[in-house]
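Participant: In case you want the letters, here they are:
2 protein chains.
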Amino acid sequence: MSLVVVGTVAFDAIETPFGKTDKILGGAATFIGLAAGKLNVDAKIVSVIGGDFPEEYLDLLNENGVDTEGIKIIPEGKTFFWAGRYHNDMNTRDTLATELNVLADFDPVLPESYKSADFLMLGNLTPQIQKRVIGQFTQRPRLIVMDTMNYWMNTAWDDLLEVIGMVDVLTINDEEARQLSGEYSLIRAARKIIAMGPEYLVIKKGEHGALLFNRDSVFFAPALPLEEVFDPTGAGDTFAGGFIGYLAKTGDISFENMKRAIIYGSAMASFTVEKFGTEGLQAIRNGELNDRIRQFTDLVQFDIELVD
Amino acid sequence: MSLVVVGTVAFDAIETPFGKTDKILGGAATFIGLAAGKLNVDAKIVSVIGGDFPEEYLDLLNENGVDTEGIKIIPEGKTFFWAGRYHNDMNTRDTLATELNVLADFDPVLPESYKSADFLMLGNLTPQIQKRVIGQFTQRPRLIVMDTMNYWMNTAWDDLLEVIGMVDVLTINDEEARQLSGEYSLIRAARKIIAMGPEYLVIKKGEHGALLFNRDSVFFAPALPLEEVFDPTGAGDTFAGGFIGYLAKTGDISFENMKRAIIYGSAMASFTVEKFGTEGLQAIRNGELNDRIRQFTDLVQFDIELVD
Chain A
1 MSLVVVGTVA FDAIETPFGK TDKILGGAAT FIGLAAGKLN VDAKIVSVIG
51 GDFPEEYLDL LNENGVDTEG IKIIPEGKTF FWAGRYHNDM NTRDTLATEL
101 NVLADFDPVL PESYKSADFL MLGNLTPQIQ KRVIGQFTQR PRLIVMDTMN
151 YWMNTAWDDL LEVIGMVDVL TINDEEARQL SGEYSLIRAA RKIIAMGPEY
201 LVIKKGEHGA LLFNRDSVFF APALPLEEVF DPTGAGDTFA GGFIGYLAKT
251 GDISFENMKR AIIYGSAMAS FTVEKFGTEG LQAIRNGELN DRIRQFTDLV
301 QFDIELVD
Chain B
309 MSLVVVGTVA FDAIETPFGK TDKILGGAAT FIGLAAGKLN VDAKIVSVIG
359 GDFPEEYLDL LNENGVDTEG IKIIPEGKTF FWAGRYHNDM NTRDTLATEL
409 NVLADFDPVL PESYKSADFL MLGNLTPQIQ KRVIGQFTQR PRLIVMDTMN
459 YWMNTAWDDL LEVIGMVDVL TINDEEARQL SGEYSLIRAA RKIIAMGPEY
509 LVIKKGEHGA LLFNRDSVFF APALPLEEVF DPTGAGDTFA GGFIGYLAKT
559 GDISFENMKR AIIYGSAMAS FTVEKFGTEG LQAIRNGELN DRIRQFTDLV
609 QFDIELVD
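Protein sequences appear in the order of chains A and B. For the first sequence, position 68 (counting from the first letter as 1) is numbered 68 according to our numbering, and the numbering increases by one without interruption. All you need for our numbering is the position in the second sequence, starting with 1, plus 308.
These are calculated hints, taken from the structure and not from any lab test. The hints are all genuine.
Residues from chain A shown here face chain B by an in silico Cβ test under 7 Å; the list is partial:
(1) Pro222
(2) Glu228
(3) Phe302
Computed from a predicted structure; not experimentally measured. All C-beta atoms, glycine included, are put in the ideal place defined by N, C-alpha and C.
So here's chain A without its partners, still in its complex pose (with noise of 0.2 Å):
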């Protein structure tokens, strides 16, 4: 089934105990649209860059499957900049810079193919562009999931409120679950999020896993216990993609279908935090992801005998 991805494509220069990279390909909607192609669903990017993007970024992503006739090139504008460095504990890390550069001015036109999509994901932008995107689909997509961040809850508050409200899947973390909600248990902090509007919830707790919520039920999976955690960036969106990829693959939005879903977005994010940027997404080789998916399958599966 088709999906639409909206979300940034970009530059990042990143810094982690293990080395550091000049500017190379990043952006949610890179990491989500690459995640989607590894499952082979072709992803239609809606995006922004700049005269400064280089062809063979694009070749990547076409290469991959990624559609990016929906992402706007501004000759004379520079594509989204964002540079970090992470601690040495890897679960924190420090924003050197952010340049919005074509972004700040980003108002997104979705190409005629691509506004009868099944499947939408609105990866983190402002409110305002999530519902822009939403309102030029001539139907509404089967499912739309949204991923946010906790400085859109601090800055346009109303507007989140009115794009979650529009949605079938809200993907956050756990401390933006607590902020949005006002609770600090996850289970009531789900319930009150789901009675915004979304029928499911995804909290994603980085290297301490994912839940998936809806009104009766709760799923958890582990992050997979890894070696070596390279480079987190864009293990979020990796599992944002290899979720909606998977969901839109199978075409099945059932309960226990997205508990599948999260363990591929879980598989697919452990190859990204393996090595800088996209690099670990692009490395997977056939049949590695359904080792990963075996290898979940052996960290969680019991056999349990009742005890009185």
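Since the structure of chain A is already known, use the hints to place chain B on it.
Facilitator: Frame of chain A, contents of chain B only:
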């Protein structure tokens, strides 16, 4: 099978955002013993208390199947006392008081009937005391599980390593695993710690669950997401008591059965954190433990179809 537990029997005074207690029943061996008792495994406690320890607390332990013959009473001494205040996140706390009292000169002496027990749980105490307990067994227990903490890594490194080399299962938290191994990755940390002697390692991550390692495999169990965490005191000891209690009850010390023991320990700990001190553990009614075990199964079970 018979189980000996060495550890503190103590008074705790606890402050949480939800309330505070006077001196109530606490201590590692108390929680471990009560948790094992809930699985109908009689724990034989080795500990020391002062003349100020109420008869009713000893009765409470006995009524829950805990053998207190090995608890030495020093009539002129005072019982070990700990006071702490939890922060709003319930994950961090300040210690307000630690009065060792009779624990300062604790020299464990095992009653004859304890010396041939099949299972031994070494609660967190000085490594020297843990070693002296092992030395009093007439034959080595089938399984020795040891808890410890970072304090002994800082103050009794050589003794600690010696005892770690004598046990089958080590249970520590993630930060302690990192400190003990010098490795940030828990996968690498586990490999190094298992090379120090224990065949199995349990890494406790509090609200983020627990990992079980042997040389070849890893198993992960989440903590049950709860509506409310009221008082985390004793959660780790309850987990340990449920873990070794399940193993002692079933008499099966395979990796597969240790997975189940982890689930039982986690389920048991979920009761402890819902009330102050030992109240949650005492309040477990028939069937409630099995209900939580089923919740664990629902929380993590998935049925994956591999896609290419």
